[in-house]
Amino acid sequence: MSVDRSDLLQGTLELLILKTLSLQPMHGWGIAQRLAQMSRGAFEVQQGSLYPALQRMKRRGLVRAEWRQTENSRRARYYELTLAGERQLAREQDSWRRIATAVEWVLDWRGGLA
Amino acid sequence: MSLCSEIRERLRALVYRHREDAELAEEIRFHLEMAAAQHVREGLPEDEARRRAALAFGGVEAVREQWRDARGVRPLEDLVADVRFALRTLRRTPGFTAVAVLTLGLGIGANTAIFTAFDALLLRALPYGDTDRLVAISLAPQSSASKAALVELRTPNPALADVAGYSKWEFALTGRGEAEMLVGALVSANLFDVLGVGARVGGGFVPADGTPAGGQTVVVSDGFWRRHFAADPRAIGRTLVLDGVPRTIVGVMPPGFAFPSQDVALWVPAPIDPAADDYAAAYLTLIGRLRPGATGAQATAVVGAVARRLRAAAPDGYPERFGRDVMVGSLRSALLGDARPMLLLLLAAVALVLLIACANVGNLLLARAGTRHRELALRMALGATRARVVRQMLTESIVLAVLGGGAGLLAAGAGARLLRRALPAALPQVAGIGVDLRVLAFALGLSLAVGVLFGVVPALRASSREVQGALKEGGRQPAVARPRLLETVIVAEIALALVLTTAAGLMLRTIWNLAHQDPGFARAGVLTLRVSLPADRYAAPARIETFYADIIGRIAAMPEVDTVGAIHLLPLGGNNWGSKLHVEGRPLPTDGPAPEVDWRVASPGYFAALGIPLVRGRGFSAQDRSASPPVALINRTAARRYFPGENPVGRRVRTDFEDEGAWATIVGVVGDTRDQNLREPPRPQLYRPHAQVPHGSMTLVVRTTRDPDAQARPIRGAIASVDANVPVSQIQTLSRVASDSIAQPRLLMGLLTAFAVLALALGAVGVYGVMSYVVGQRRHEFGIRRALGAPTGEVFRLVLARTVRVSLAGVGLGLLGSFAIGRALSSRVYGVGAVDPVTSGAVALLLVAVALLAGFVPAVRASRVPPMIALREE
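As they're listed, the protein sequences go chains Y and X.
Per our numbering, residue 29 is the first one in the first sequence, and the count goes up by one each step.
Per our numbering, residue 874 is the first one in the second sequence, and the count goes up by one each step.
Be careful, since some hints might not be right.
[Unchecked claim] Calculated cross-link-like contacts (lysine to aspartate or glutamate; reagent style DMTMM-like; alpha-carbon spacing at most 20 angstroms):
id: 1; chain 1: Y; residue 1: K86; chain 2: X; residue 2: D942
id: 2; chain 1: Y; residue 1: K86; chain 2: X; residue 2: E896
id: 3; chain 1: Y; residue 1: K86; chain 2: X; residue 2: E1053
id: 4; chain 1: Y; residue 1: K86; chain 2: X; residue 2: E938
id: 5; chain 1: Y; residue 1: K86; chain 2: X; residue 2: D1198
id: 6; chain 1: Y; residue 1: K86; chain 2: X; residue 2: E899
id: 7; chain 1: X; residue 1: K1041; chain 2: X; residue 2: E1053
id: 8; chain 1: X; residue 1: K1453; chain 2: X; residue 2: D1198
Hints in this document: simulated from the structure, not taken from any laboratory.
For clarity, every value in this text was computed on a predicted model and none was experimentally measured.
Throw the hints in and build the complete structure from the sequences for me.
Okay, structure coming up:
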């Protein structure tokens, strides 16, 4: 299955990026790869939109960026979660789960009072 | 991010713009290469791999734009880019740009010009200390105060810290070359203390100068000091002979200081002596300084109490209501008088002109946006957000407005110069009217506001979703500018133009009426000259009488002279001496106001010279000399008002200008004159013969057989032959005096007319342009109708009907507005009602005609094009 790009809200993208970066610092290409992998192919985001999102998160202090050498001795900009970013990830995970659960309840409604 | 780091980030982004762009490019390159490499590993050929990678990535340009957006520094870079782009676009359409800049230039320029006067007269601080607490004090409406009142008001009270008085006066300066008349002021010695401004050179007045024993001193203005003493500091201590009295210069006021008006060159202290004759004479204007924390209301209460005290002490000296209509008000309003409402009116008028100009340019932009929709759609498809496009279009309109503002500044400079010359020099700060930093700031601010005003709607409309959607369908040029919107603007323009033109028309007719108002005397062919005898050489009444008899005799003997007379206050000269009228045998009324007259001293020839008819009895003659019984003449209004139904000749009257026992017998009644201004009905007047009340300063009125101006030199020669050291001033014809008295309404009329013409022209151009455009848009529709067999006439009818509807709507709205304007102006107009059908009707017809023409020509063209071509048009 694949999810239409327009369904992916900006906030969700940021949440996904936060999660991806929480595993290890990576560059933009790496994040795109990892996202596709973690979502088992469902999220094939328009890769270009990662960069503006990363920039926004950088401005809000959730990630920091640094030019480093890759394994192949190429130069790439690596992004890393800050402390604030970690806290934000936890908060958003919580909030997402709660919303998801509530939506589930509504969708499973079979009548009568709970 | 905190504010500090935010600012730091933005600055860094600005400075390192290129580096950051390069870094992003590298980052994207890296991404694409990695993605391509991945695809190659999966078995795809290289170019296919690259293509897939690029596809998966998305539009690079869009990403870069979004990235920059997220970076948050766009505003400044974008602004620069937008401005450059706007300039390029404007250059590509020089016709449109020229028209828009010209239109805006006129609108902004006119507003800026009026603002220079507004700023100088109403906004800028007066050149006195702590002006918030300076007030003008009036004990009774339209009347002056006496020294007695001044002394009473200076007694310590909780509201007023100090009070000073002044009276403008003309002084004869002698002993320095040719005798010269100077405008100065008699002031109380504490005037400069109350104003809070000290002399820049010298010490100024001391309190002793205000006492009868005080030194004879004078303080001069900076301008006088430069003109007469070349700014020499040793001028302090020198002597000036004013009105025959030698006075020591004790101070020079700072440059830029003027009180009560620009033309006052020197200030002479008036001694306050309770025993003197003039102690109770009311000729002073009062100003005061409030104590810290005191309010105007408190001051009014204090002044009212003082007024009532004055009356209680001398009930005969004051009218009954005295003390109930006291006023303590802003000094600035008192000094400006009429000018403030006039300026506000002009400001409203130019604002209307600017609105019309904005509407025109806005319409132009709307029409133009229609032709640019493809370009805009392309940009938005490439990833520019709507906000971005709107911002860019707004920048364009602001650039246009600023260009217009720049052009307008040139006009404003000229306009300010005109205003400076045209406004009465007596107004304070008139010399300061000009284009300075504040005016520039105003012009810039106005341009920005105007740019946003007329640019926002076209920008929003052009980028709206529905327009962009139309592009995708590949249809013909969509109607970016909805006809209804354009027509609404046209309705507004017509209404505004109508309102403004009506106002101008009202003023025009007012001036015409005033100018043709019969003042009660003949204006043409009369020369007036003011003769002021120096008090030192002409102290004795007999000498004064002889002098005037002498010069009048010599002038009357001149061949070009018809009649000559003298009057101590010229009609329409702006001055008045008023007093209560005491009629013998008739006590003053205890309830209601006492009879009042305007008092004049005249020579026998005065009435003939001015053509004032004798209605009853006899005029003054040679038999009325100082030793003869005192006589008087009254005018028709006085006779009707104070002696209704009876013959006033033979009754005895007196005024407060002469002693208690000096009853004069009325020997005749003369015709009325409009003495104070042409607008008011004639007031009661009483004349006394010069031979019996010899005033030293009189105005000669000379009726000449030919051109009065040409007789000026011979007449001066005749006076000089009697005494060459007598100053003669204010030589002008009577018609000039009369026209000067309506100078201000005439200025107002001139400006309003200019603005109205401008509004009409702009409105007409705008109507024409929009109508042409709207009709042009409907060519397709007309083509269909014609193809379906409709006769050409029907097309015309359609166009005309629509045009007429729009114009009538505008005219209707405009008439409503005109009515309101008429009401607002009712205090200034003369001889016209609030509704002026003549002017309104004419303008309405003109505008409707223009609208019809505007729709007509394109309709003709549209109907000429063969229907097939019109149909094929995309």
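Non-conforming hints, listed in increasing numerical order
3, 5
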